[in-house]
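My request is simple: use the sequences and hints to build the entire structure.
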Amino acid sequence: MRLRVRFVKLGKVRWTSHRDVARMWERAFRRVRLPVAYTGGFSPRPKVSFGLALPTGCESLAEYLDVELASDLDGPVEALVPRLSAALPTGVDATAVGALEAGAGSLQELVTSCTWTVELPGAGSGDAGRLVREVLDAGALVVTRERKGRPVTDDLRPAVVSLTVAGTTPAGAVLEAELETQPRGVRPGELLAALEPSIELGLVRRTHQWIERDGARWEPLPPQATDAPHAEARAS
Amino acid sequence: MVAVSEPFTLARQRPESRRPSTTLLRKLMTSLWPRIEPLLAQVQKPARYIGCEDGAQVPAHAPGKVAWLLVYPDAYEVGLPNQGLQILYEILNERGDALAERSYAPWVDMERLMRHRGIPLFSVDAHRPASDFDVLGFGISAELVYTNVLNCIDLAGVPVRAAERGPEHPLVVAGGHCAFNPEPLADFVDAFVIGDGEEVVGDMTEVIRGWKASGRTAGSREAVLRELAQVTGVYVPSLYDVEYDGPFLRAVVPRYADVPEVVEKRTIADLADWPYPKRQLVPLTEVVHDRLNVEIFRGCTRGCRFCQAGMITRPVRERPADQVRTMVTDGLRRTGYDEVSLTSLSSADFSGIDGVVAGIINEPANCGQVSLSLPSLRVDAFTVGIATEIQKVRRTGLTFAPEAGTWRLRQVINKLIREEDLYGAVESAYSQGWRRVKLYFMTGLPTETDEDTLGIARLARRCVEIGRRHTRGASVTASVGGFVPKPHTPFQWFGQNGVPELLRKVNLLRNDLRRERAVQLRWHDPKATLAEGIASRGDRRIGAVIEEVWRRGGTFQEWTEHFDLSLWEDAMASRGLSVEWYVTRHRRDDEVLPWDHVRAGLHRDFLWQDWQDALREHGIPDCRWTPCYDCGVCTGYGIEHVVASPTPPAGGSQGTGQDLSRGDAVPVALLPVGGRA
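Heads up: the sequence lines are chains Y and V, in that order.
Taking the working numbering, the leading residue of the first sequence gets 812, the next gets one more, and so forth.
Taking the working numbering, the leading residue of the second sequence gets 259, the next gets one more, and so forth.
Source of the hints: derived by calculation from the structure; they are not laboratory data.
For each residue, glycine too, the CB sits at the ideal point set by N, CA and C.
Fair warning: there could be bad hints in the mix.
[Stated by the list, open to error] What the simulated footprint calls covered on chain Y by chain V, stretch by stretch (three residues with Cβ under 8 Å from a Cβ of chain V suffice, anywhere in the stretch; the number is not a length): (1) 826-833; (2) 848-856; (3) 898-904.
Here it is as structure tokens:
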């Protein structure tokens, strides 16, 4: 049996890394005594796989993981949401759990795009609007990065599904961006830096991950998944 | 619309602080978090600075409570697991008249930003500035962090020199094993804690509470330090004058009649009374020793002559096996860890260790997923039985520490394990599926010859041969550290090997093992060994050297990428101090040692006799299982070993060649006749 869990990462804990979050979940699964399946061999590892890594420092309302169980659950799947949240550090909470069908693809394969919000400290809506237009009007946004010791160039422009000014706060403007994740996940920071290398970003938050199927966008959750709002799920 | 969610400051209130909203407001106002967070995107490993560990506490500050900031003066990932700090953190926070938060040395990138923005040293629990605390309490377990201690004091906004502090500054306190030679830090630390901290922090809190209540008036700092000096186990260096006779010490004498001439260490009589930490901190980011740690006993009487920990933490105090089991079971359930370490200075010596190990591994609630590590495992106690149990879950790294390459030299250092013991242990490991074992050695030991040094290579090769009987890919990692003589040990009089001699010995081994691909040789930088030697047996004059190294930017000196011997050599030269005199010179028996006024309970006569026995290659048995030879600790302090088994748990002779199966009925035959009362 495989479960897919959606969770949030908010507040101070956003400064932990993707690997740190993986360890938090392994400990939480053991705390709630979830019958997680383990790999064989000399160094057994729990069979847990995480989707696209969230950059350290970003918040998220839409993180996902898949966990394989060695045996079926005793109780209903939805009871896991508050139990897991209580076993997780403050700021990391499960918000939905669903059982996957046999043969369901991995998050890495399935997810096609993510929606992000990006704070631009000190920017007015005019500045933000100009930035958005420059990105959308660009024929190409080429970046060079190092991969396995060699420079690789990418055009990021095709990965931009949408980019809008979502609003302003006293601190500045907020952009909303939907960015593709195939063939690789483009991060909002590198997209904006491709245009303006010295740009300073405020809080960056992933709000959704999407699967495109039959011309529509879906969240990567099975249809019968629980969808408990995380605020009520907190037990601590 | 998007704001940093900030649930912590409000969510983790203790019940008593819920009512008055002014407390809440003050807490919010003194948190530096809004100034710290913008820096985090610019530093490596930002999770070092966020706190939020499971088990972390955000205690309410109040005028009637003494606020301790417990500082581990090294990087977060090294400091967080420190059990001593965690124990005191809980004990202080359980008191009605005290509270404790934690801090770690900010890494160099963070420090640069903090200094640039004027952000002081802060607690990771509530991100309060150091100035919100009455005490900065440092835990010091290695000499090379001394410059970091100064850096943290300075970052806290406190003058580094104790003499320049006023009533507005917190008291600077330091404890840990290094406090047993407090003199190199004497100019910077107001009060040292010598020995176990569990009880003494309470006694100190009561004294400091009075100081805080009196409003810390002008001149009150001297008075509170004078009062602290009355607490057993507390050493206040400013209350002592040091007299010199040329380069030699003549005496360290108290300036007042009510200040003790000799400061005796504190010792808790029974570990069962202190089942701490009860809520071990679970970090959110990777740290060293990232697992549940349960201390199974404190103290060790194996009598290894190089080992300061074994000498200063006597006697042996075992935790009851039932309490160990409870702490393991509760700790695993609470933390979610899948590894537990049973810590001590020699874990296989715990009475009934086999049963405890099997109980943990085979506990149904652990679902066969909890692995066990036993640090400081003696080879003469590592049996196939223990190997079989440990490897059921996952083969954690196995390290054995023969320490020296020949039996002759092992008798000198009193690490009485025979070659057959080592081969037996290694055989157990390889036969149970391990492919690699690590062996730890020291070089530069007293009386060491090249034959002894090359014995390291011989042992490592032989272990590989044994391994190959079981697995083709058998390999051995041999780590070699340069020996640094430590205070309060029989080797405190020994002149350390200099850099050229240590390098020569390392090269002997490198050449000898050049073609041996199955043996990986690793060695500690002899230059770092030299700097450690300066601080290890230094006197009060070394303080100026530490200060100069720090002022020239020499922090994080135990990190290879930051260590710089030339800083130390230059600082020694500029003060007219001789490295040779402090490090490589043999001490005379009539010489006043810088730590003679601090007592770990060991008679100086005993240590000197043991040093002479070492030079004569005579071993000394473990007094837990054989009659007392009166080192001075139990008799002097009126305490005793707390040991459940009268005989060595692993059986055998423990390398003494004696029948130890009858416990303390056995006469001591190892020593020269008339060698000891």
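These are the hints, each one checked on the structure:
Here the region 826-833 of chain Y counts 5 residues with a CB under 8 Å from a CB of chain V, which clears the bar of 3, and the coverage holds. Counting residues of the region 848-856 of chain Y whose CB lies closer than 8 Å to any CB of chain V gives 4, so the stated coverage by that chain holds, three being the minimum. Look at the region 898-904 of chain Y against chain V: 4 of its residues bring a Cβ nearer than 8 Å to a Cβ of that chain, three or more, so the hint holds.
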